[in-house]
Each structure stands twice: as C-alpha cells, then as structure tokens.
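Protein chains: 2
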Amino acid sequence: MDEFASIRHWTSGRQSEEWQRERGVRLGIGDDAALIDPAAPIAGVTPPYEYVLAMDTMVETVHFNETTMSYEDIGYKALASNISDIAAMGGVPLQALVSVSVPRQLGPELMRRLYDGLYACADQYGVAIIGGDTTSSPQHLVVAVTVTGAVEAGKALRRSGAQPGDAVVLTGPVGMSAAGLHFLLAQRERGADALAGERVAQLVQAHQRPAPSVRAGRLLLARETCHSLNDVSDGLASEAWEIAEASGLAVSLFEEQLPRSGSMTAYAGAAGIDPLEWMLYGGEDYVLLGSMELGDAAAAQVAFHSEGLPFYIIGETAAGTPAVELIRKTVKGELRQRLAKKGYNHFE
Amino acid sequence: MDEFASIRHWTSGRQSEEWQRERGVRLGIGDDAALIDPAAPIAGVTPPYEYVLAMDTMVETVHFNETTMSYEDIGYKALASNISDIAAMGGVPLQALVSVSVPRQLGPELMRRLYDGLYACADQYGVAIIGGDTTSSPQHLVVAVTVTGAVEAGKALRRSGAQPGDAVVLTGPVGMSAAGLHFLLAQRERGADALAGERVAQLVQAHQRPAPSVRAGRLLLARETCHSLNDVSDGLASEAWEIAEASGLAVSLFEEQLPRSGSMTAYAGAAGIDPLEWMLYGGEDYVLLGSMELGDAAAAQVAFHSEGLPFYIIGETAAGTPAVELIRKTVKGELRQRLAKKGYNHFE
Chain X
1 MDEFASIRHW
11 TSGRQSEEWQ
21 RERGVRLGIG
31 DDAALIDPAA
41 PIAGVTPPYE
51 YVLAMDTMVE
61 TVHFNETTMS
71 YEDIGYKALA
81 SNISDIAAMG
91 GVPLQALVSV
101 SVPRQLGPEL
111 MRRLYDGLYA
121 CADQYGVAII
131 GGDTTSSPQH
141 LVVAVTVTGA
151 VEAGKALRRS
161 GAQPGDAVVL
171 TGPVGMSAAG
181 LHFLLAQRER
191 GADALAGERV
201 AQLVQAHQRP
211 APSVRAGRLL
221 LARETCHSLN
231 DVSDGLASEA
241 WEIAEASGLA
251 VSLFEEQLPR
261 SGSMTAYAGA
271 AGIDPLEWML
281 YGGEDYVLLG
291 SMELGDAAAA
301 QVAFHSEGLP
311 FYIIGETAAG
321 TPAVELIRKT
331 VKGELRQRLA
341 KKGYNHFE
Chain H
1 MDEFASIRHW
11 TSGRQSEEWQ
21 RERGVRLGIG
31 DDAALIDPAA
41 PIAGVTPPYE
51 YVLAMDTMVE
61 TVHFNETTMS
71 YEDIGYKALA
81 SNISDIAAMG
91 GVPLQALVSV
101 SVPRQLGPEL
111 MRRLYDGLYA
121 CADQYGVAII
131 GGDTTSSPQH
141 LVVAVTVTGA
151 VEAGKALRRS
161 GAQPGDAVVL
171 TGPVGMSAAG
181 LHFLLAQRER
191 GADALAGERV
201 AQLVQAHQRP
211 APSVRAGRLL
221 LARETCHSLN
231 DVSDGLASEA
241 WEIAEASGLA
251 VSLFEEQLPR
261 SGSMTAYAGA
271 AGIDPLEWML
281 YGGEDYVLLG
291 SMELGDAAAA
301 QVAFHSEGLP
311 FYIIGETAAG
321 TPAVELIRKT
331 VKGELRQRLA
341 KKGYNHFE
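Chains as they are written, first to last, in full-length UniProt numbering: chain X, 1 to 348; chain H, 1 to 348.
Calculated from the structure, these hints are not laboratory results.
There's no promise every hint is true.
SDA-like cross-link-like pairs, simulated, lysine to any residue; straight-line CA separation at most 25 Å [what the hints assert, rightly or not]:
| # | chain 1 | residue 1 | chain 2 | residue 2 |
| --- | --- | --- | --- | --- |
| 1 | H | Lys341 | X | Gly30 |
| 2 | H | Lys341 | X | Lys341 |
| 3 | X | Lys342 | H | Thr321 |
| 4 | H | Lys342 | X | Lys341 |
| 5 | X | Lys341 | H | Met111 |
| 6 | X | Lys342 | H | Ser306 |
| 7 | X | Lys341 | H | Ser12 |
| 8 | H | Lys342 | X | Gln105 |
| 9 | H | Lys342 | X | Pro164 |
Just so you have them, the derived chain H footprint on chain X, three or more residues with Cβ under 8 Å [claimed, not checked]:
| # | segment |
| --- | --- |
| 10 | 36-45 |
| 11 | 50-57 |
| 12 | 125-133 |
| 13 | 149-159 |
| 14 | 218-226 |
Beta carbons: idealized from backbone N, C-alpha and C, even for Gly.
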C-alpha cells in the first residue's frame, strides 16, 4: 500500500462528514490541508470563543514500548495526552491532526490497531480527526498529535495567574499511572505476577488509557474563581514548579493531604515501595492542578463532589522566590523538603 | 537544561508579542496550549475566512541526513514544506507548532541552529511560532510541524475540482530539488566535486531551502478560474495522480512542455543522467500543479509573467478512469507512457 491507500485504510468510514461538521470541519482528511469554519457554533461554548492549539509527541522507548502498551493503547494515549492540554486551559477539544512515523517492519494491520485506539479516544471526547501525515521511520515508532479546541474568549485558565495566599487544588489522585507502569515493567522481568488482580487493573488502565480532565476543566472555568491551572503530565512537582515560575511565587504542598488511590497504596505496599516518588514525579496522571482563594476552593470542592467528581485541597501559595516544597509531618515535627523540578524519566 | 529551559533558549526573543498579535495570536509559547483569536483580521484575506490546518513531518535518514542538510536547513525546510500545504489551498500561512524528538547525543546548540533556520523561514513567510513540544529520541531526529493558515471562506483550492478538458498548469520547474540531492549524495561519495559551481548552488538551494509558492497560490485563488490545485511535494507524477483520483479523470502531461531549469539540465548533462526521473518523481519542488480551462490558463500565464512569476501549461485532462500518462514525441512518432503513482524514495 502507498501512503494514501494506507491512510484511507486506517481512517476512512470512521467519522461521518455530518459529525465532523458539528465540530467546525469543512474539509477533513484527503487534501493538502483541512478546512475549519472558525465561526461555527460549538456545543457548550458561549461565543465569541478563542481557538486553543497544542501539540504533543509520543516516542517508542521514551514514552512506551511493546511491553507497556498495545498499539490500541498507543493511539488512544497519544490523543488523550493532547486533549489534556486543552482541558488544562478550560477548553473543549474539537479537532486533531496525527503524524505517524512508522518503522518498515510494522505492518499496516498494527497501524490500523493504533488508529482503532486513536478513534476510540476521538469518539469518546468528540474530537474530529482532520489530517496529518505518514512517513517511514528508520527504527522507532513516533506519534505526533496536534489538537485544537475552543474556549470562551478571554477566559482560558493559564499557569501564570496564581496569587499569593491561594489554595492549591488537585482534581484527582496522582501516581496511579507510574504505579501501573511499575507493574508492567516488573511483570516483564518476573513473568506472571502474584500481585496482579483487580486493583492492579485500575493502575494499568491509568497508564495505558488515561482520562483527560475535560469536564473538570470546564467546571473550573465556569466558576470564574480559578487563578491558575495546569494538567499533571510531567509529574506533580514539575507542574507545581511551572505554576510557581509562571506566577512568580512559592508553592507548598502538604504531604498528608495528597490524595492516594487505594489501588496504588495497596500495590505499593505489596511491592514494598514508598509511592511518594510516583505521586510527585510519575506524571501522566492528566488530572488538573490549580490555585484559587481558599473559600472558593472549598466551594468548588462542594460543587465537584455534588457532581461525583473528586477535588482536593493540597497546598498553598505564598509570595516569594519561585520554588516548590513538600511539608511532611513527622514524629520530630514538621519537615519542609524542597522538591526538584525535574520530571520523571520513565525508562531510566 | 530541562525541557522548558531548552525551549526558552531556542525560542525566546525571536518574535515580538505585537508581531504575533497581528497574526491572530493571543497566547504563544509557554503554557499548556496556545490561544488564537479566530475573528482577528488577517492582512490580505477578505473576511469571512476559513482556517487551514496541515501537518508534515521530517525524519532523519528518510528526509535528510547530516550530509545533505545543515541543522539550519532542517529547521527551515520543516516549516517551508508545511507552508507549501497552505499555499496549495490558496491560503495565507499564519501560525505553526513544532515538535522535535531529539537524540541524546545532540547538544542544545545544534538544536538552536535548527530553530535559527525555522525562525528564518517563519520570518520570511510571516508565520508565528506558537507552541509545540520537545521529547528525547532513541536515535534519529524527528521534526513534526503543524501549520495554520487562512483562506477566504468557500474559496480554498482543492484537488478534487478538475474538469475534463482542463489545461494542466505548473507554477515553476520541477526536478531541481532531486538534482541538488543527487549532487549532495554524489559529493559525499566522491569528495570535492569537479561539477560544483554556481549552477549547482541553485540546485542545492532548491533542496535545502525550498521556497513554498504562497504568492502563486494567492494569485490563482484570486483569479477564481482555477479548478484544482496541489503542491509538488511527492513528485509531479504522484501529485498529478492525486488530482486524477480526487477529480475522477485522466491526466496527460506533454514531456516537451515540462519546464527544465538550466542549472538542472546542465548538471544532468555533466553527470550523464536523463533528468526526467528527477522531474517526474523527485518531489520537494513545492511549486503548484493545477488545472483550469485553457483560455483561463493562457490569461493566468500573462498575469503571472507580468508579475515576474513563471507559469507553464504542461498537459490536459480528459474524462476517463483516473490515470496519468506522459506524451513523448520521438522519431517514431508520439509515445504514450503510463506514469507510476509511486513517489520517489530519496535514500533508496
């Protein structure tokens, strides 16, 4: 198959023209470029809106390998991680372009499975796949995705708006993806694993099929009290550093208030590992980290809980040189520990 | 340097906020996503406009290697090839996102040179760099670019509009990029080359720093007589096939009317090579291939020439099964040769 036949094989018949039209698409896959109507009404977004654009790439051996992810998972997660960037601005995802660089030994059917996962994610989040490109790759699979979205003009939630004295909030537990990856890599080394079970399945799911927090982002934007927002892609510490640097203030996180999922805690206990490293540096959790006044955070927590969504108040900001510290309660009293900025490198 | 420090090192201070604002940008590099005002006036484009989106990737050893391209060239060409897709729709390029997957052995200074070339192209074509991402790569450099543009609503030039009886037109010579690549690869094998000189410099330039045909695309769109349009990225034969298949008709190209640059002809003669293969299958010429009624093509030719731009009438379309043939005049009379669809693989 040539490039065009391959792309047709992977993409045709997946999304109807009418369905794409509702997402602003005037011309999808098949020409030199796609066409979008920037004045099209977008369901749930009050006009006038701004366009949101983000691009994120997944590389074999850096972000995944054949042990940790199926081809369906690779396609799903490549789009999900991009949608998360739209969620982190408070936006609604709309369209995506996908570029795959494919090793020659990979047959078209494996790539079709990658597109199966990609479209599963696209359908779940209402994203129209409108273009991209396919090239060969000398050795490793690379999947680059660009995603577009819409957000009410002037309302997007940025990293840079945190105020001193804000509460630091988090929309879900962290560390589950890293725990799932730990299990997958340990499983490879040890064969079938006695630790496997229902709870591990949740962790593996968190790693392979992460759920971007679109609904949480929209709720936070609508409340109009959120000062800053980031998605946790590179790890909690790294994202807190970004807010600290972009907003020019110091962030303190309270260890005992960090949410720990039961499945992660159980797995870490069975494996004899302190999960704090996963929680602070694991990344790829795709929950949202933000800041707002403490009273607004308490109100947001009530609103999130009434919708069945988790919401945690995990720290506070203060005027000062940008930095992130973890406050731990120990038998010897309160311990303040400066957190490194560096994200976690999954395969080192 | 971490990812964010690297990105700042490569991108900060390159384009002013005001300059980006004139291209619709409300928030550029530095957050989870960029923000664009889809109602911003765009110089030279009559509202209402549609948004144009394309994505194209360059992979080391597939599209370039250290012998054929400097790092500045890689950055320049990665953006130029994307701008060409906007030109092929008759659009004006506006913004770009850039994802680089970088082998560990590549230092930040080589990447800075890549960004030097990227911004040189961005400045030349007025494109705002608004985002992207950086990952490591196990071995090969991969540069994926998404470019946006604007085109008058409903006016974009597509592949699918060719009519039977159209003249096939071309906005510049083909085969120069392939000739330049041939020289670069031959030079590697033979050391300093006796064929080098002024004329070869033009061919090398065509390969390393291609010029997307934005002005030609805008002229064709404004004339409102162009039925179909493609850019010559994969080779003349391949692009003619795309128009033939998308429009459901047959394309004939007249060999003696194909434009040959003097430098390409001279180099091919000195190297003892028939350049027809380069012209038909070389690709990466980034001129435009289209179709329109013969009388309109003649009028367009006059208009292009009066602006100092080349314009060639090189073939015709006819009702029939999609196919592309080359009509050659030989001593034995007219020879009709069916052209393969396959594009050229540069390194095979």
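Notebook entry, point to check: So which hints don't hold here, by number, going up?
Noted result: Hints 2, 3, 4, 6, 9, 14 contradicted; others consistent.
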